[in-house]
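K.L.:
Listed below are the residues making up each chain.
Protein chains: 2
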Amino acid sequence: MKGYRALIGALGASWLALASPAFADDGYSLWLRTSAPATGQAAVTRLGDSATLRLAESELRRALPAGTPPVVVATAAAPGIAALGLPFVGLGDEGYLVRRVTLAGRSVLLVAGNGDRGTLYGAFALLRALGTGDRAETVALRSAPKVKLRVLNHWDNLDGTVERGYAGQSLWDWWTLPDFDDPRYTDYARANASIGINGTVLNNVNAKTDSLTAPYIAKAAKLAAVFRPWGIKVYLSARFSAPIELGGLKTADPRDPAVAAWWRAKSDEIYRAIPDFGGFLVKANSEGQPGPRDYGASHADGANMLAAAVAPHGGIVMWRAFVYAETDPTDRAKQAYSEFKPLDGRFADNVLVQVKNGAIDFQPREPFHPLFGAMPKTPLMIEFQITKEYLGFATHLAYLGPLFAETLHAKTGRRRDETVADVVDGSAEGHKLTGMAGVANIGRDRDWSGSTFNQANWYAFGRLAWDPDLTSEGIAREWAAQTFGTDPQVVATTTAMMAGSREAVVDYTGAFGLAHLMATGHHYGPGPWVADLARPEWNPTYYHRADPDGIGFERGRGGSDAVDQYAPSVARQLARPETTPERELLWFHHVRWDRRMADGKTLWEDLVAHYDTGVGYVAGMQRQWDTLRDKIDAERWQKTATYLAIQQREARWWRDASLAYWMSVNHRPLPAGVAAPEHDLAWYKAQSYPHAPGHTS
Amino acid sequence: MKGYRALIGALGASWLALASPAFADDGYSLWLRTSAPATGQAAVTRLGDSATLRLAESELRRALPAGTPPVVVATAAAPGIAALGLPFVGLGDEGYLVRRVTLAGRSVLLVAGNGDRGTLYGAFALLRALGTGDRAETVALRSAPKVKLRVLNHWDNLDGTVERGYAGQSLWDWWTLPDFDDPRYTDYARANASIGINGTVLNNVNAKTDSLTAPYIAKAAKLAAVFRPWGIKVYLSARFSAPIELGGLKTADPRDPAVAAWWRAKSDEIYRAIPDFGGFLVKANSEGQPGPRDYGASHADGANMLAAAVAPHGGIVMWRAFVYAETDPTDRAKQAYSEFKPLDGRFADNVLVQVKNGAIDFQPREPFHPLFGAMPKTPLMIEFQITKEYLGFATHLAYLGPLFAETLHAKTGRRRDETVADVVDGSAEGHKLTGMAGVANIGRDRDWSGSTFNQANWYAFGRLAWDPDLTSEGIAREWAAQTFGTDPQVVATTTAMMAGSREAVVDYTGAFGLAHLMATGHHYGPGPWVADLARPEWNPTYYHRADPDGIGFERGRGGSDAVDQYAPSVARQLARPETTPERELLWFHHVRWDRRMADGKTLWEDLVAHYDTGVGYVAGMQRQWDTLRDKIDAERWQKTATYLAIQQREARWWRDASLAYWMSVNHRPLPAGVAAPEHDLAWYKAQSYPHAPGHTS
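Residue numbers (the working numbering), protein chains in the order written: chain Y, 2 to 698; chain U, 2 to 698.
Just so you know, the hints here were simulated from the structure itself, not pulled from any lab data.
Since the model is a prediction, treat every value here as computed from it, not as a measurement.
Hints should not be assumed to be uniformly reliable.
Just so you know, same-sequence chains aren't split out, so a pair can sit in one copy or run between any two.
Stated by the list, open to error - Within a straight-line C-alpha distance of at most 27 angstroms, the following computed DSS-like cross-link-like pairs (lysine-lysine) qualify: (1) K223 - K209; (2) K412 - K209; (3) K223 - K234; (4) K234 - K209; (5) K632 - K335.
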């Protein structure tokens, strides 16, 4: 044992991190850790053969702990499986069963789906169950995804930058593709497969036409080939004006036959290189992107033209509903609904409309988007932002599970108890084509997502896309146990930190439904005072409308009437401040600073208190993390501790800058005992961050 | 043994790469590999204490193979060492001794310098000696650096991009500095210390003033603190107009007392944060950068004003001589000499003039810069480019040792046998302040330099900066043995590949002294036809002057007379085509396509033959590398094989595009049996690479 220890000590190998916290762990392994040193001793038998089945087998061989009963990986069609009479019906192509069965007289643990992708997901599900404390002797799993397309959106540019990316360069080394197959592409696919993600849009929605040229199609095809055995399809963002820029046409009008022919030919070309190409994602007529409205055609005209081009190959189109400043200058929050609601029923069968979780833009808190439930004839794909553009970039610890779940579990009011999740997973209207998109937080940083805890947001997105009814707490526990080990103190402490971390960001950046208060361009830090940008809805002052008497954007019937974009029961509730949930009060209403809140205090007093709550929560996370110093490997512990210290300083900055500004508007004193801002307002206004990451447009 | 093998197999740990080629090695370890599994068993005793001495001790503990005799690390002043009577005189602060001695009655291997930095270098020298085949029983080393400042220049921007960088983002994560101490900063310092590099300029010579603001000084200070125990000083590139942009002055005229006072105060501020700050690197009045010439002052005026600001703190100024298009529109190659030669003797004692190895810009081959030997009263620092801006970016295998050595070992003609190395290391004129700069090829890619073989260029720069008289062949052997292991076949094959690889690039991009033939902006691929850029000296046609009769830039006395910038004996030789070395013929002369060369063939025939030689060399490297498939770990083998295939395709592209163009000018047929270009000239002209890496200006 002594010699063995010495050998191990000399290695410094990261798989020992769980057992020996002193070792460095650079986070590359994500939530996928092997059970070494006894690994490789479990007996795994594979029935049938395919690249995907072989991966299922090798994943189990790689990570099953010693002492696991014999495991068989198979599909439902393999010899001997049908006779077992297992409930494969309803599992579809991607669902799986993990069951103790007797096969050829032996008691084995069967991992099987109708198709090999189901089997692969089953293998990962088994490892997840064992990694979170289940016993191999008694494990029994059965699951199928509720959402068909579980897709990451990479806002990755062809020059290697990532818009709103805070984890280094783009993973895709376009320069050496298609020649060089970076082993990291496989590791990326494996991580996604482990949580059920089955699609990836490779390039930024603010798309360059180059991505549709032959060299870039070949590059995408190489990635598609790497991802295919892991059950992952490749999609591309398409620039709507490509027929002009690449095709030399005079127009990109979707009603022009030459335009449609160009896209058909381009699609045929892509499918020759990538037979299982997923389809196109399109941002049209938004923030300067070209689109069908440039020609007086509708979003449906544009989407359907593209959909016709990919339909012969089984492809789909994801058409984003994120548009603004075109049709309704009175309230940006109303514009997507105004533009898309009338188009319900006019989209082709292979089109999904991709709708952000809220009506503005991935703020720390937004009410659910009013389009959910309002377009029953159209499959609506929900779009979340996993990368934390508005929640502290890479450095702040903010677990987004609660944000995702809050939207998914919101009641639309359209039918009894109908939730946004019901709309997204198709159960509300019986749509079969369903999807969930997450704007990736993945880059070339060694730990993939810029921090260990950011990995949890990637994980949570995948798990919720598989099953939108999962709880964010349960997902956090799963993730923590796999990432840090099953020590109950570690799991309890990390999940406690995570639980309130997103609410803390809401609190220290602006509670009660305040939104879009950040500085310009890079979106880093506070800028509630910004009022000088060219378009009104670019300015924070447009959103908070603070004046000496009150604060908030009036979206009730006396204001923009955005509330009436919701179902009548919801609209009724939101129309009046008295019945609007306080956490969304200032999103929907302009109210007086001295309005009495539920707790009997004034809005101003409560708003101030929330800033302090948020800052205090971060201090609490620091204390909690300190208790784990001996339980977490040194490298991940130290980086997280450093990032928490940054977050603490910046939370205080958000609080102080915001209070200094509000006080300059409302001329109210701080409640007794509350600390004054550290600097005066001019100091906060003078802060400048010209080299903030992620700002590429 | 069986169980041990199984355990090892399960680990997949990279230290086994040398023994077991099947394992993956991502190249992160560079040339610093441990001798595991028996590591950690050598007895290492440290006499004295300092952070640097502790590093020397830990490096030896980490990597000394089992069976090494007891090792003592110490400085000359440690108890008992002086009595040994060892030759410490002449080793200076950084030199070292490694000697078998008897200390306190025990036979030990002593590693010692006059100062702890010397000891650290000695520890690395011992490991290098053992790693290249020396026996610990007989090893005896004594060495001191011939060059005082051995400095990397990082052309890293504050937004994380790297100008002419092909290995990913900047290592410096300015955004999380100074809070986060990325473990990679330590690994970077360690790698540099292992080859004797003792300084690093953190930011691009095309500098932003932000790097001189308080927040960025604090970030630089954090890096300096990490690097300090490794004997590495931090320098900053300074933007000459900073007194205007940061200081609010109306001028940056170096003769203005307010300007000098601003720089003094700024220097004081920097030294408060970084007590051992190295000093400033300045690119002035070149390629749009501001400088003293904007005010009618000289480069000496500018450099001396800055030098006075850092002199009280022991700092220095490295002032680049890379200027063009200001004073001499007739020949860009003459301009640095024209501008700087008259300033000899006018620079302050703590100024070095930093001169590129050649007079244009880091081309695959350039004659040595005529300033070397021409400014005897001024310390001239040589600047090499380690990053391969003009030699195939990250993907081409081109070992630059021969390029560096070719310049260093060139005879200046000023004194008998005086070489450029004699000028650079100060021996020619007795200068004590000497330096060598290398433009770094280091980024955040996992393997640091974009490919395994690019690591050799970083290594070779460091070794030649320590001792400019080393041979490139010897350095290649050292590097290969440490990087791939001492298997004689591996060392022989890899060094054979490396030996002619730079000459191959010369051959397939344009032999006989042709230069600057690359495409515009990104400098990727051939563009000899480019003739439409705004400034004449931006165009390849300016450099090659090809016409129906001949090719080459006439720099003899009938031309620009650049030859007379060299010492008379050299100028005499270069003045006539007949006595000019053929490898530099077209650099110095415009000659007829049908000129007879030494081998009896025409220039045109020989030029064509060189293209084919270059392409053939790459094919040869592919064959050589194939023989090592079972001797190199799979990951590094496969990546190198893929990159060689890219190089083969691109070498052919250079050849074909160049031949197609030359034939369009000279209307000559290809010699019999020579393959025609694959495409017509129009095809080559139409190639476009809008997203090529490294192009940030």
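K.L.:
For each hint, tell me whether it holds in the structure or not.
P.N.:
Structure-based check of all given hints:
no.: 1; hint: K223 - K209; verdict: within (19 angstroms within a copy, 39 angstroms between copies)
no.: 2; hint: K412 - K209; verdict: neither (38 angstroms within a copy, 52 angstroms between copies)
no.: 3; hint: K223 - K234; verdict: within (12 angstroms within a copy, 44 angstroms between copies)
no.: 4; hint: K234 - K209; verdict: within (21 angstroms within a copy, 43 angstroms between copies)
no.: 5; hint: K632 - K335; verdict: neither (49 angstroms within a copy, 65 angstroms between copies)
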